[in-house]
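Colleague: When you get a sec, could you build the whole thing from the sequences and use the hints?
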Amino acid sequence: TQLLEQSPQFLSIQEGENLTVYCNSSSVFSSLQWYRQEPGEGPVLLVTVVTGGEVKKLKRLTFQFGDARKDSSLHITAAQPGDTGLYLCAGSGNEKLTFGTGTRLTIIP
Amino acid sequence: DAGVTQSPTHLIKTRGQHVTLRCSPISGHKSVSWYQQVLGQGPQFIFQYYEKEERGRGNFPDRFSARQFPNYSSELNVNALLLGDSALYLCASSFSPRQGSTPEQFFGPGTRLTVL
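Which chain is which? The protein sequence lines are A and S, in order. Residue 1075 is where the first sequence ends in the numbering used here, and the numbering goes up by one at each step. Residue 195 is where the second sequence ends in the numbering used here, and the numbering goes up by one at each step.
Do not rely on the hints blindly, as some may be mistaken.
The calculated lysine to aspartate or glutamate pairs, modelled on EDC-like cross-linking and capped at a C-alpha distance of 20 Å, are [what the hints assert, rightly or not]:
| no. | chain 1 | residue 1 | chain 2 | residue 2 |
| --- | --- | --- | --- | --- |
| 1 | S | Lys109 | S | Glu154 |
| 2 | A | Lys1022 | A | Asp1037 |
| 3 | A | Lys1023 | S | Glu183 |
| 4 | S | Lys92 | S | Glu130 |
| 5 | A | Lys1022 | S | Glu183 |
| 6 | A | Lys1023 | A | Glu1007 |
Covered stretches of chain A (chain S as the covering partner; in silico rule of three or more C-beta atoms under 8 Å from a C-beta of chain S) [stated by the list, open to error]:
| no. | region |
| --- | --- |
| 7 | 978-985 |
| 8 | 1064-1070 |
Hints were generated in silico from the structure; no laboratory data involved. The beta-carbon is built from N, C-alpha and C at its ideal position, and this holds for glycine as well.
Modeller: Set out below in structure tokens:
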């Protein structure tokens, strides 16, 4: 069974601070996706990383895929209240997504 | 274009009852996947359908079943409901899964099922 562990599970920080969320697995994935989910809504795709060592930037968000394609990180610079939400990583393989346990992020104005 | 739509948005059932949840994919998408998201956890894969055929099944009991229609919409059925089936049920559509690949999936808002 492929498992994805995210850390931290909960994170509450002040507006303007930086943060990093981690996604770790013992399994190799063909690609890894990051989603943000807000209450009452489905997850919304932020980025897909495919190549080991790949780094992608989306405005203040930086995503990195581990060299061995088993882990990933999401770094947010100068967090804003609009960044509040549940962040999910999901590994692709065998035509399905395996989601991580989630990180609930709260940005305090 | 409309995104993935799901109905109903909320549903309350009692133990032992059955439920049918519905999903309409994005126009042009031929694949639909179903996920169960228990409060405080990430979504868990239940089924994937492509061109009306089951392409994948997660670790769920036989009480869970699904089907896909010629217009690519899908239904998820759950029989003999248990309290533990209370969750947000998410549907996701994608264009066309190449064998062995996992293309980008677009999620609907989900159906919140409460079993009393």
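Colleague: Which constraints among the numbered hints does this structure fail? Numbers only, ascending.
Modeller: 4, 6, 7
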